[in-house]
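Asker: Residues per chain are reported as follows:
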Amino acid sequence: MKNILPILTVLLVIVAVWYAAAIKMNAPWTYAQAERAGTEVTFSEVVRDTLAQERPVLPAPHQVAQELWDTTVMKKVTSKRSLVFHGWVTLSATMLGFAIGTTAGILLAIGITHNRAMELGVMPWAIASQTIPILAIAPMIIVVLNSMGISGLIPKSIIAAYLSFFPVAVGMVKGLRAPDAMQLDLMRTYSASDAQTFWKLRLPSSMPYLFASLKVGVAASLVGTIVAELPSGATRGLGARLLSGSYYGQTIQIWSALFAAALLAASLVIIVGVIEKITLRRMGMAV
Amino acid sequence: MKKPVIDASGVNLTFQTKDAPVHALKDVNLQIDKGDFVSFIGPSGCGKTTLLRCIAALETPTGGSLTVNGLSPDEARKARSYGYVFQAAGLYPWRTIEKNIKLPLEIMGYPKAEMDERVKRVLDLVDLSGFGKKFPWQLSGGMQQRASIARALAFDADILLMDEPFGALDEIVRDKLNEELLKLWDRTGKTICFVTHSIPEAVYLSTKIVVMSPRPGRITDVIESPLPRERPLEIRDTPEFIEIAHRVREGLREGHNA
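Protein sequences appear in the order of chains X and F.
This note's numbering puts the first residue of the first sequence at 1, with every later residue one more than the last.
This note's numbering puts the first residue of the second sequence at 1, with every later residue one more than the last.
Any given hint might turn out to be false.
To be verified - DSS-like mimics (lysine-lysine), calculated; alpha carbons at most 25 angstroms apart, straight line:
(1) F:Lys99 to F:Lys34
(2) X:Lys76 to X:Lys200
(3) F:Lys133 to F:Lys112
(4) X:Lys24 to X:Lys75
(5) X:Lys76 to X:Lys174
(6) X:Lys174 to X:Lys200
(7) F:Lys99 to X:Lys277
(8) X:Lys200 to F:Lys134
(9) F:Lys134 to F:Lys176
(10) F:Lys3 to F:Lys18
(11) F:Lys208 to X:Lys200
(12) F:Lys34 to F:Lys183
(13) F:Lys78 to F:Lys134
(14) F:Lys112 to X:Lys277
(15) X:Lys215 to X:Lys277
(16) X:Lys200 to F:Lys78
(17) F:Lys183 to X:Lys200
(18) F:Lys34 to F:Lys3
(19) F:Lys78 to F:Lys133
(20) F:Lys112 to F:Lys134
(21) F:Lys133 to X:Lys277
(22) F:Lys208 to F:Lys26
(23) F:Lys26 to X:Lys200
(24) F:Lys133 to F:Lys120
(25) X:Lys200 to F:Lys112
(26) F:Lys208 to F:Lys120
(27) F:Lys99 to F:Lys134
These are computed hints drawn from the structure, not numbers from a lab.
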């Protein structure tokens, strides 16, 4: 509990800066309105107005909080205006993509650690794949898959997987190579097969590395899904919510969708962290 | 005449490195009989560990002949002829002591009931009964090393290869483990090859001391110890012990000056 004070201080500073920025950035519109009406506005009137505009340049924190409350608790989850509904659409694609990406990443890492040709032949492509901006490649994947009659969840998941396989692969390659020469020699003195060395030594050794990269991977999956929801003309999902908000100048909607996405990402990373703790404790590797 | 358990004649090993080839072992001739306790002693770089690794088929000699139980080292390894104890205990942190000892048994496909029985027996042998359910980090360094010896004893290899197993332990723990190792050797009748750079340790433990020297790694002296099998720690103060230690030291010095 000793940490609560610094945490609250930081939070307070952020909120204060945010309010100040909101006043400053929304003020021109208030002055313009007043000028058009031919009236003078006092500073307190400016403050009151800038924090309550319908389409502010920067919505105030309480406006975003209000919107979040209205679109989660106050709406039925089946409603198209419910963030829970949109969040679920995004989450399901994220989870499927994360599952695909993690599986692909682990398989790739196993291939790379056991086959030199694969390391030299596949690794450069895996690296290259991550240097292409996802924003550029996402529409193409969606268009191509759409022409093949695949739409909805799958294309988004594939883009999520595209972003999440890489950290998992890199982490697992490192993890599977974590056993030192002595531990590998020990397996050789038992004439252990490659499969036995993998299951009994390499895989357990890689667990801490796997979880570290899963945390990166799950967040990347969410980013991938949201990006995939932007260009698809989708009407569902947090990405679609962001896009429609920007179409109609609904800044409050954009910000609340952003916060929903951030909260979702944080929860996912925390869940992976909890699973990590439980697993490593079961394995006897965490005190 | 009975056949030696380990027979090396004219063994050479040259490592090809980037700058120049390194002559790690040169014309090594050595016979080790069943039940011997052989120490390899010498400064670092003398090839003592390399020789042990050749016996274990972890390195392959580039010349000469080397047999273990009359087989090639590779075949001997596949026949589970030896257990190997490394410098560090190298226990898997995710396995309990019991499960660590089961590791070679699992790999070698022992039935479950027999595994449990063997684990119990070797834990007894190294005086670790009751610690089977503990994780390695809950044990001291000396206890971890004992567990790693138990792991090497769990299957029926009649040769025990030990590469400076007590090198990282303090003197008091080391004395105790040396004493226990001798008892264990006496009880099991195994052939033990033991790499060390401690003269008292080598003299105290061995029936045969192999003195080695570096550049190139070679054997400079083989001393058959006249000490009795039964050795209390106090034997280290007897004139016989001191005389052997002296001869080992002379051998090491000679090798160094040559």
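Asker: Would you mind marking each hint as holding or not holding in the structure?
Answerer: Hints, verified against the model:
1. F:Lys99 to F:Lys34: violated (30 angstroms)
2. X:Lys76 to X:Lys200: violated (50 angstroms)
3. F:Lys133 to F:Lys112: Cα-Cα ~17 angstroms, so holds.
4. X:Lys24 to X:Lys75: Violated, at roughly 32 angstroms.
5. X:Lys76 to X:Lys174: Violated, at about 46 angstroms.
6. X:Lys174 to X:Lys200: holds (17 angstroms)
7. F:Lys99 to X:Lys277: Within the cut-off at roughly 21 angstroms; holds.
8. X:Lys200 to F:Lys134: Holds: lysine 200 of chain X and lysine 134 of chain F sit about 19 angstroms apart, inside 25 angstroms.
9. F:Lys134 to F:Lys176: holds (22 angstroms)
10. F:Lys3 to F:Lys18: Given pair lysine 3 of chain F, lysine 18 of chain F is violated - Cα atoms ~40 angstroms apart, limit 25 angstroms.
11. F:Lys208 to X:Lys200: violated (37 angstroms)
12. F:Lys34 to F:Lys183: holds (17 angstroms)
13. F:Lys78 to F:Lys134: At roughly 31 angstroms apart (the allowed maximum being 25 angstroms), lysine 134 of chain F and lysine 78 of chain F break the hint.
14. F:Lys112 to X:Lys277: Status violated; Cα separation ~30 angstroms.
15. X:Lys215 to X:Lys277: holds (13 angstroms)
16. X:Lys200 to F:Lys78: Status holds; Cα separation ~19 angstroms.
17. F:Lys183 to X:Lys200: violated (32 angstroms)
18. F:Lys34 to F:Lys3: holds (9 angstroms)
19. F:Lys78 to F:Lys133: violated (30 angstroms)
20. F:Lys112 to F:Lys134: holds (20 angstroms)
21. F:Lys133 to X:Lys277: holds (21 angstroms)
22. F:Lys208 to F:Lys26: It holds: about 20 angstroms lies between the C-alpha atoms, which stays within 25 angstroms.
23. F:Lys26 to X:Lys200: violated (37 angstroms)
24. F:Lys133 to F:Lys120: holds (12 angstroms)
25. X:Lys200 to F:Lys112: holds (17 angstroms)
26. F:Lys208 to F:Lys120: violated (32 angstroms)
27. F:Lys99 to F:Lys134: The given pair, whose Cα atoms are some 10 angstroms apart, holds under the 25 angstroms limit.
Violated hints, listed in ascending order, are 1, 2, 4, 5, 10, 11, 13, 14, 17, 19, 23 and 26; each of the other numbered hints is respected by the structure.
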